[in-house]
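Using the hints provided, position chain B relative to the given structure of chain A.
In order, the protein sequence lines correspond to chains A and B. So the first sequence is numbered by this note's numbering: it starts at 89 and just counts up by one. So the second sequence is numbered by this note's numbering: it starts at 5 and just counts up by one.
Among the hints, a few may not be true.
Simulated crosslink set (EDC-like; lysine to aspartate or glutamate; CA at most 16 Å straight-line) [unchecked claim]:
{"id": "1", "chain 1": "B", "residue 1": "Lys110", "chain 2": "A", "residue 2": "Glu132"}
{"id": "2", "chain 1": "B", "residue 1": "Lys53", "chain 2": "B", "residue 2": "Asp99"}
{"id": "3", "chain 1": "A", "residue 1": "Lys166", "chain 2": "A", "residue 2": "Glu106"}
{"id": "4", "chain 1": "B", "residue 1": "Lys53", "chain 2": "B", "residue 2": "Glu70"}
{"id": "5", "chain 1": "B", "residue 1": "Lys72", "chain 2": "B", "residue 2": "Glu24"}
{"id": "6", "chain 1": "B", "residue 1": "Lys53", "chain 2": "A", "residue 2": "Glu189"}
Cβ-Cβ distance ranges computed for the label pairs, FRET-style [stated by the list, open to error]:
{"id": "7", "chain 1": "B", "residue 1": "Glu68", "chain 2": "A", "residue 2": "Thr188", "range": "17 to 25 Å"}
{"id": "8", "chain 1": "A", "residue 1": "Met127", "chain 2": "B", "residue 2": "His86", "range": "22 to 30 Å"}
{"id": "9", "chain 1": "B", "residue 1": "Phe55", "chain 2": "A", "residue 2": "Asn159", "range": "28 to 36 Å"}
Cβ-to-Cβ under 10 Å is the rule here; a few derived chain A residues that face chain B [unchecked claim]:
{"id": "10", "residue": "Val92"}
{"id": "11", "residue": "Gly130"}
{"id": "12", "residue": "Leu133"}
{"id": "13", "residue": "Thr188"}
{"id": "14", "residue": "Ala190"}
{"id": "15", "residue": "Gln194"}
{"id": "16", "residue": "Gly195"}
Just so you know, these hints were derived from the structure itself, not from any lab. Think of the CB as a built atom: it goes at the ideal place given N, C-alpha and C, for glycine as much as any other residue.
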Amino acid sequence: DAGVIQSPRHEVTEMGQEVTLRCKPISGHNSLFWYRQTMMRGLELLIYFNNNVPIDDSGMPEDRFSAKMPNASFSTLKIQPSEPRDSAVYFCASKDRPNTEAFFGQGTRLTVV
Amino acid sequence: AQSVTQPDIHITVSEGASLELRCNYSYGATPYLFWYVQSPGQGLQLLLKYFSGDTLVQGIKGFEAEFKRSQSSFNLRKPSVHWSDAAEYFCAVGDLGGADGLTFGKGTHLIIQP
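The shape of chain A in the complex, shown without the other chains (with noise of 0.2 Å):
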């Protein structure tokens, strides 16, 4: 299996517009969860999807975030409208089954300037 792919690796972004990062899970796996990364405040839970059903989003930061999971291979994370503070790099993970370990994309580093 490929693992976990995430894209785009980089973006680069003006203030104001809409951002969307992508995840494919690993085939198999039913939980798919993002996270931020910076380095003010480390890995962050954003949200989760338990077979594609958003379980807990009390992660994400503001109405401007937004993730969907339209079916068990694919899911957005979508920033609208995108602030420099958003800035940071977005990973993607996916497990097969609970209190397993989660296996993590490459990430996707956002700058939005």
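Positioned in the frame of chain A, the structure of chain B alone reads:
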């Protein structure tokens, strides 16, 4: 709420020397614990995990960790480090049987001196 503390932001170790990275967690229920490693520009790779049973767990790349419930600790060790071990190391805790997301520590940056 659960939390993870990695008290050392940076650690410098000479190549061939032993290593111990500290991790303390705060959690009321039964935790499950992980150590991940992140190389520059890369995602997180699992080094080892603890769910139950033997409190000394072995991982990849010669790493091990010991779960000490009385100290709420899960320290990572390696008897002899290699230059390729230079990376960021993260300790994480999850809720065994509960919510599925992990809580991460802020990480420890490991520097290897020749």
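Against the structure, the hints come out as follows:
| no. | hint | result |
| --- | --- | --- |
| 1 | Lys110/B to Glu132/A | holds, 10 Å |
| 2 | Lys53/B to Asp99/B | holds, 13 Å |
| 3 | Lys166/A to Glu106/A | holds, 7 Å |
| 4 | Lys53/B to Glu70/B | holds, 10 Å |
| 5 | Lys72/B to Glu24/B | holds, 14 Å |
| 6 | Lys53/B to Glu189/A | holds, 8 Å |
| 7 | Glu68/B to Thr188/A: 17 to 25 Å | holds, 20 Å |
| 8 | Met127/A to His86/B: 22 to 30 Å | holds, 27 Å |
| 9 | Phe55/B to Asn159/A: 28 to 36 Å | holds, 30 Å |
| 10 | Val92 | holds, 7 Å |
| 11 | Gly130 | holds, 4 Å |
| 12 | Leu133 | holds, 4 Å |
| 13 | Thr188 | holds, 8 Å |
| 14 | Ala190 | holds, 7 Å |
| 15 | Gln194 | holds, 4 Å |
| 16 | Gly195 | holds, 6 Å |
When each numbered hint is compared with the structure, no violation occurs for any of them.
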